[in-house]
Every structure is written in structure tokens, then in C-alpha cells.
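Student: These are the residues of each chain, in order.
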Amino acid sequence: GENVEQHPSTLSVQEGDSAVIKCTYSDSASNYFPWYKQELGKRPQLIIDIRSNVGEKKDQRIAVTLNKTAKHFSLHITETQPEDSAVYFCAASRANFGNEKLTFGTGTRLTIIP
Amino acid sequence: DAMVIQNPRYQVTQFGKPVTLSCSQTLNHNVMYWYQQKSSQAPKLLFHYYDKDFNNEADTPDNFQSRRPNTSFCFLDIRSPGLGDAAMYLCATSRLRRAGPSTDTQYFGPGTRLTVL
Numbered sequence: 665g666e667n668v669e670q671h672p673s674t675l676s677v678q679e680g681d682s683a684v685i686k687c688t689y690s691d692s693a694s695n696y697f698p699w700y701k702q703e704l705g706k707r708p709q710l711i712i713d714i715r716s717n718v719g720e721k722k723d724q725r726i727a728v729t730l731n732k733t734a735k736h737f738s739l740h741i742t743e744t745q746p747e748d749s750a751v752y753f754c755a756a757s758r759a760n761f762g763n764e765k766l767t768f769g770t771g772t773r774l775t776i777i778p
Numbered sequence: 010d011a012m013v014i015q016n017p018r019y020q021v022t023q024f025g026k027p028v029t030l031s032c033s034q035t036l037n038h039n040v041m042y043w044y045q046q047k048s049s050q051a052p053k054l055l056f057h058y059y060d061k062d063f064n065n066e067a068d069t070p071d072n073f074q075s076r077r078p079n080t081s082f083c084f085l086d087i088r089s090p091g092l093g094d095a096a097m098y099l100c101a102t103s104r105l106r107r108a109g110p111s112t113d114t115q116y117f118g119p120g121t122r123l124t125v126l
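Taken in order, these protein sequences are the chains called Y and W.
Position one of the first sequence corresponds to residue 665 (the working numbering), numbered consecutively onward.
Position one of the second sequence corresponds to residue 10 (the working numbering), numbered consecutively onward.
Simulated coverage check for chain W against chain Y, where a stretch passes if three residues somewhere in it have a Cβ under 8 Å from a Cβ of chain Y:
#1 37-50
#2 53-63
#3 94-105
If you are wondering where the hints come from, they were derived from the structure by calculation, not from laboratory data.
Every residue gets a Cβ at the ideal spot worked out from N, C-alpha and C, and that includes glycine.
Using the sequences and the accompanying hints, generate a full structural model.
Tutor: This is how it looks when you write it as C-alpha cells:
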């Protein structure tokens, strides 16, 4: 089955600086890669996702890049703010044709230092 | 924003006393998932329903059961909770088709925090 590794497990960044979280996956058939943000005691919330037919996607301060050859994808947060502090999970799945399960990474606890 | 609703938000039960957690959704999604999440860990999939088809994960203990009486509702039954079952239980939904492009995005409910005394 799919295996997703996520690094780093913790990350502290000065407010205003950029944060990068990296994930690798093992199943070359995976083609859908969402990122979830989870604040303490709250539900995971989708912040951005990317499909394997594109290499990069951006939404304001958040961007995700995908390298299918190397089987890794990364989350980039620019101009970080205190409200970006949370745990971030990457995930991968083989979308289409009824394959509906996500495999999650182990999470990154991001702390923004004011 | 109440698209995936979970009740109760907090549940306290005694060791060995059965408990049922509920999830409902207004999205009309055909797939519903139950996850267990322990502190500082990723959500762990217990099982999911694809329409009426139940899909159990290989490592989900028999102590955990699920029911989906209709599209909107799904229940998680823990027959004999142990101390190790204390966790956040998350319900999620997605809209998928057996052929062609799928939505894939999973929308999570707020979770039920289970305490076992």
C-alpha cells in the first residue's frame, strides 16, 4: 500500500519568514495530494490540494509543488503569521475509479514566533 | 458551516460500557469515513462506507463497528471501550464515483472526544 513520509515533525519560523514542509510517497499511481491544517482541538481543514497533472498550485500565501518523478510534494507558506501555527498533514491517494482512501503523513507542528 | 456534524462533541464512558458516536452530513456525499486520532498523531482510518458498501481496515479491532442507515447518517459503535480507545473520533465525507473523475476532497466533522474512565 501507499506510504507517506513527512518532514520535519516540528518547525519554528519567525513571523514573516517562509515555511516549507516536505512529503514523499511510495505509490507511483497516487495522483491526488491534499494538505490539511489542524488547530488544537479542531478538525483537519483542507487548505490546498494538487493533482498529478500539474506541478504547482498557489493560493495567496500558500503554494504546493509536486515532483512526480521523485515522488515528493511540498507545502510552502510565505509571509507567515501567528495564525498559521498549527499541525499540518499531507496526504496522498489514487483518485478515480473508486479508490477513495487517503494515506496521511505523520504531521508537522508549525510554530510561528512573533 | 455545519456540513458534517458530529454528536456528541464530548463523550465520557466507563470501561467496558458500549458507546455510540454519530455523524450526519448535508453534502449528500456518497462516502463516509471514520477516523481515530490520538494526540499528536495523524488520523487513522477505521473504516468507510462507499454508498452502502462497508470497507473495514485490516487492523481495525472487532470492538469497533459501524452502521450507515441512510446517505446522511453514519454511526460508530464501540462495543467495549478500553482505556486505549480514548481519542478524538473524526467523521469525514467525500463524493466519489466508480468511474471517471472523482472529487476526492474529504470534509471532516468537528470530532467527538471520547474519554474512558
